[in-house]
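From first to last, the protein sequence lines stand for chains C and G.
Just so you know, we're using the working numbering here: the first sequence kicks off at 1 and counts up by one.
Just so you know, we're using the working numbering here: the second sequence kicks off at 1001 and counts up by one.
Don't read these hints as lab results, they were simulated from the structure.
Hints should not be assumed to be uniformly reliable.
Lysine to aspartate or glutamate pairs mimicking DMTMM-like chemistry, simulated, CA-CA at most 25 Å apart [to be verified]:
hint, chain 1, residue 1, chain 2, residue 2
1, C, K330, G, D1095
2, C, K330, G, D1073
3, G, K1060, G, D1073
4, G, K1030, C, E36
5, C, K145, C, E169
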Amino acid sequence: MPSRIVIVGAGQAATQAATSLRAGGYDGHLVLLGNEGLLPYQRPPLSKAYLSGAMGLDRVVLKPMEAWIEDKVDVHLDAEVTALDRQAKSVTTRDGQTIGYDALILATGSRVRALACPGADLRGVHYLRSIADADGLGQDMQPGKRLVVIGGGYIGLEVAAVARKAGLEVVILEAAPRVLARVAPPVISDFFQTLHHDAGVTILTDVKVTAIEGADCVAGVALADSRTIPADLVLVGIGIIPNAELARAAGLKAEDGIETDVDARTSDPAIFAIGDCASRPLVHYGQRRGRLESVHNALEQAKLAAAAIMGLPRPVEETPWFWSDQYDIKLQIAGLSTGAAHSVVRGDPSQKRFAVFHLDADNRLLAVDAINAPPEFIVGKQVIARHGQLAPARLADMSVSMKEIGAGV
Amino acid sequence: MAKVTYIEHSGTEHVIEVPVGTTIMEGAVKNRVPGIDADCGGACACATCHVFVDAAWIEKTGKPGSMEESMLDFAEGVTPLSRLSCQISMTAELDGIVVRLPAAQH
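Let the hints inform the model, and build the full structure from the sequences given.
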């Protein structure tokens, strides 16, 4: 058993790793190095209940300091790790502290992709990744203000929903022909476009942003078709970049994310990588690997790494899953639809309760997108983990319950 | 603050003072009560905070919403006393509530 385990990062993956190590009986020295000056917290509420004010900082924080002390975790919240020395088995922080490790867990997360156009650094241009980002955005989100959202992904759509409810005018700009183009099928994109349209949001697709205009503060967003969309504030949500530089500089394999095996172990057997920063084998999807930007992935990889370090049996890998809340709609996604041959819609989108099942050529279920439809999500998630096949006609038949559909698959 | 007694599947009891307005799930997670995973953090998206409310208290917790009911329907070992603890906000009326935890949430 390693006598000292160092965790770099203080997000959900880092927190779960510490929790799982202690729960699994690890009684050595456990160090957690964060760099946001805040106790580890949940990020999903930042674009939802925290931004709307429904949930305060105390509720977003995962555990109070006393719980960390009781768990005997040596928590440092202003320790930005700038170097990793694999020969010496140590990490060094910006203020020059060097900390040795026997096992190292990299939970360095990701950062926002920055907008690269003139005016991108004007006051009033926001991103959303941290509590500080959410606080800054929240301060500018006053009723009657004009918000332009650049990027029709989950962050953009969730912020648009909160802003609309708070009484702002909202325009969403999307470069692709539809919102959620990278992550959802057209029927789901259409559904969310209609939902936001009905809530009074303007969505412009197939548009290219060329500049943010304004003297010292945002006044508008200029498009390639020479239109300018007036704005008092801008939210940029155009994706994230894994924080893999530390690992890469130390010679670990890290192209798009730090590459790990099924146990979350990197190309160095003493170093693990978990959460947004890691590229992992996608166990339910053949020989593929990839990064999964989700809470489920952060928690699961943390548990895998903890078990591997302690020599405990590997936890069963679940179907990847994800959720999004917008207005009164809950989207739950299980699985990965890449490679699907066809899809089946179950239910009626106009009733705001339906699901899209993605099947391969042999009708094996790969993924399900469920709108206010927990049975479809839960049964779908179970069937995907079992690599089960489903008959399309039966799936589309609402007179057959999901329990019946899932039975025996 | 209002008191919640969490009884693990093993029988171990945890008596916790939980702030009014926060949920029974949060009271467990923030006080290291094992047996409530709450993967989604309280979004009613994952059904990993399943509890069995003591029969004497179930009426006072009110009725589950339709999303919760639908999620619970698929939880392991569900009974009429089952609730998702992220959907029960603590009130003064719930001071003293007793909840039992299932063997596993996954």
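Hints, verified against the model:
In summary, the hint linking K330 of chain C to D1095 of chain G is not supported, as the alpha carbons are separated by about 31 Å, beyond the 25 Å threshold. The suggested pairing of K330 of chain C with D1073 of chain G holds, with an alpha-carbon distance near 17 Å, which does not exceed 25 Å. For the hint pairing K1060 of chain G with D1073 of chain G, the CA-to-CA distance comes to about 21 Å; that is within 25 Å, so the pair holds. Between K1030 of chain G and E36 of chain C the alpha-carbon distance is near 20 Å, which keeps this suggested pair within the 25 Å criterion.
Taking the CA atoms of K145 of chain C and E169 of chain C, the gap is near 6 Å; set against the 25 Å cutoff, the hint holds.
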